[in-house]
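Enquirer: Following the hints, complete the assembly by docking chain Z onto the known chain Y.
Chain order of the listed sequences is Y and Z. Counting from 190, one number per residue, gives the positions in the first sequence under this note's numbering. Counting from 318, one number per residue, gives the positions in the second sequence under this note's numbering.
It is worth saying that the hints were derived from the structure and are not from the lab. Source: prediction; values computed, not measured. The reader is advised that the hints may include incorrect statements.
[What the hints assert, rightly or not] In silico negatives: residues of chain Y with every beta carbon more than 10 Å from chain Z:
no., residue
1, I196
2, N202
3, I213
4, E261
5, P275
6, E341
[What the hints assert, rightly or not] Only pairs whose alpha carbons sit at most 27 Å apart, straight line, appear in this in silico DSSO-like list of lysine-lysine:
no., chain 1, residue 1, chain 2, residue 2
7, Y, K287, Y, K200
8, Y, K300, Z, K392
9, Z, K512, Y, K291
Each residue gets a CB set at the ideal place from its N, CA and C atoms; glycine is no exception.
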Amino acid sequence: MVDLHNITKQKINTVLESVCDPEIPVLSIMDMGIVRDVLFNDDEVEVLITPTYTGCPAMDMIAMQIRLALLENGYHKNKVTSILAPAWTTDWMTQAGKQKLKTYGIAAPDKKFELAEDGVECPQCNSTNTKLISEFGSTACKALYQCKDCKEPFDYFKCH
Amino acid sequence: MHQQLADYLLHLADTTLILSQRNSEWCGHGPILEQDIAITNISLDLLGQSRNFYQYAASLIGGTCDEDQLAYLRKEREYKNLLLTEQPNGDWGQTILRQFLFSQYQYLLFEQLQFNKEVQLAAITAKALKEIKYHLRWSSEWVIRLGDGTAESKSRMSKAIDELWPYTGEMFTTADYEIAFGIDTAALKNIWEEKVRIIFNAATLPVPEKVFMQTGGKQGIHTEHLGFILSELQYVQRAYPNSKW
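In isolation and in its complexed conformation, chain Y is listed as follows (with noise of 0.2 Å):
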């Protein structure tokens, strides 16, 4: 038998795919691992998306963008909930978005920099002999760093 609901879900990811993180547009909230799951509440879609960091002011405005997103797809009664349990890990973010980062110009999050130290690994040349400028960044999830070898400056997406 086939089951309606799983196709049915199938198709919000991919609907879900195309929400972006404003401020990282790459990065779609799928890739990014906030999207915790997806209900049905007899006719209703609910989106069950878990914050990144507390304070992101991005958060607001994805919420707004799945609404959206849903809505041009037909699915009219829908809602966001936001779960805080258990907190958002780094470790949600999928291979794909990680290499979408690099591309971007963002080093990925990297276990073997829980915190930010020097050697990060550079997003332009490869090169581990970097020094990290300052452990806050351009938005709350990155750090900011500097390759001493091709002497770009980057951002590191924090470890979380």
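Expert: Quick look at chain Z alone, frame taken from chain Y:
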């Protein structure tokens, strides 16, 4: 029980909101761009934490209560934030020291709260803990850099310690709503002092002897500074009631 939990949540929310507001005064005024960004990032984390606590408190209070009402429409005497967080920024050293003294306390407290039987409180604090780790590391490094820096930076840090130390005792005096809820902040005092001593030693800064400690913030009795903070923070909502962004 609901009332006491709501009061406790307001204490946590007010504390993080007021420190966030204070740190945000540095926006565009930091000593260098990277550190301007750092202090405002911390400000944003604290603001996010306070929103979570306010939303949770509003859900317990019920009715039409929401996070904005709690932040924008309560009076000074209703605020339960720690006195330490409302103290003026002073120079960069004083701001750093305030952040360090608070982050060390917040880290130890939230380490326990993440296992609290109130699941929402546990969830908020477990999440915040990941951010506080960064606040603590950053502010510790700055305390060491400035304390063990030049004669000028050292004397400024010593002055900041004299200024802020009398507001640290309050963290470990337990309010009624904390006792009712089984929170024993007094038990954190020794470990907090030990952790602070390690950083002060590395910074070649003296740990103050016993001094008179100011209290009252947890009960709504504040220093003269809070009124000024609130008049700025609440101005738009007071002048244009119910206005929305």
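Enquirer: A separate judgement is required for each hint: does it hold in the structure or not?
Expert: So, going through the hints one by one against the coordinates:
1. I196: Since the minimum Cβ distance to chain Z is about 32 Å, I196(Y) lies beyond 10 Å and the statement holds.
2. N202: holds (25 Å)
3. I213: holds (16 Å)
4. E261: The claim holds: E261(Y) sits with its nearest Cβ about 25 Å from chain Z, beyond 10 Å.
5. P275: violated (8 Å)
6. E341: Nearest chain Z Cβ is 16 Å from E341(Y), so the label holds.
7. K287(Y) / K200(Y): Status holds; Cα separation ~24 Å.
8. K300(Y) / K392(Z): violated (46 Å)
9. K512(Z) / K291(Y): violated (38 Å)
In this structure, the hints that do not hold are numbers 5, 8 and 9, in rising order.
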